[in-house]
Amino acid sequence: AANGLLILPKGGEGKTMADQCDTYLLGPLPALTQEELKDLCSTERVQVSGGCCHHQHSTATSSEGHAHPKRSGETKQKIKFSVGALTVSDRASQGVYEDKSGLEITKFFESRPEGYTVSESKICPDEKADIQRIVKEMVDKDINLILTTGGTGFTERDITPEAVKELLEREAPGLVFKIMESGLKFTKFAVLSRPVAGTCGKSLIITLPGKPKAVKENLEILEEILPHALHHLIGEKHLH
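Heads up: the sequence shown begins at 22 in this note's numbering, then just goes up one per residue.
In case anyone wonders, no lab produced these hints; they're calculated from the structure.
Careful, some of the hints might be misleading.
[As the list claims (entries may be wrong)] No more than 30 angstroms apart at the CA atoms, straight line, and that leaves these computed lysine-lysine pairs for BS3-like:
no.	residue 1	residue 2
1	K237	K186
2	K237	K223
3	K157	K128
4	K128	K234
5	K199	K149
6	K237	K206
7	K162	K101
8	K143	K121
9	K143	K162
10	K206	K162
11	K232	K209
12	K186	K121
13	K121	K149
14	K157	K234
15	K128	K206
16	K206	K232
17	K143	K186
18	K186	K128
19	K121	K237
20	K209	K186
21	K209	K199
22	K223	K121
23	K128	K149
24	K186	K199
25	K209	K149
26	K121	K157
27	K162	K237
28	K162	K209
29	K162	K234
30	K101	K237
31	K143	K234
32	K128	K232
33	K223	K234
34	K162	K128
35	K128	K223
36	K101	K143
[As the list claims (entries may be wrong)] Distance windows between CB atoms, simulated:
no.	residue 1	residue 2	range
37	F210	K101	33 to 39 angstroms
38	L213	K162	29 to 35 angstroms
39	F198	G222	30 to 36 angstroms
40	T138	H253	18 to 24 angstroms
Where a beta carbon is used, it is the ideal one built from N, C-alpha and C, also for glycine.
All chains should be modelled from the sequences, with the hints used to inform the complete structure.
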């Protein structure tokens, strides 16, 4: 085990111990591997040699306004996930009305630029062949997250779930359950939506309702889950 932990403030008057500082673990550390030392002394710059670890902490600001070093084990999104949006609507595809649902998807992820980039946004009619063609094109481009909106209801033309389900290699019923469970908190009519979710290649595909408000609510429900799921799907090392 380490003999001690010494934190030395770097130069500069008026700086507190919580400002930029160096951290040293002193003494023999036979029980820890080099990778474990790096985790212990995480984040930006780590040097391990001779059983000792030297690291310059980056600082963050607490809710009280005080800076403090980042703690080991904090989740940090390493990459940007690509997002593809597909609005399935006869009338929107004909220009009868504005595609507000697809715009809602774009706005949601563009407001989170540190983690996502919207690669494509498409519109197609409620036709199985069109839906599958566009989704397949997005999968072939390795778009990480593919979201459809519209066509999940009970009308004769609502065929998005059926079209997408045929493309899935692995279904994700847990995501569907989460969407349905949380959706019922907003409206009893959530039971009339027929979402499907699953993976195809390195893409996670989820069908969302057609109303902009429901799209936003569903995305907020999934927001904390998506990075975890996508990191695993694309083979990125688990961050936790």
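Violations among the numbered hints
10, 28, 39
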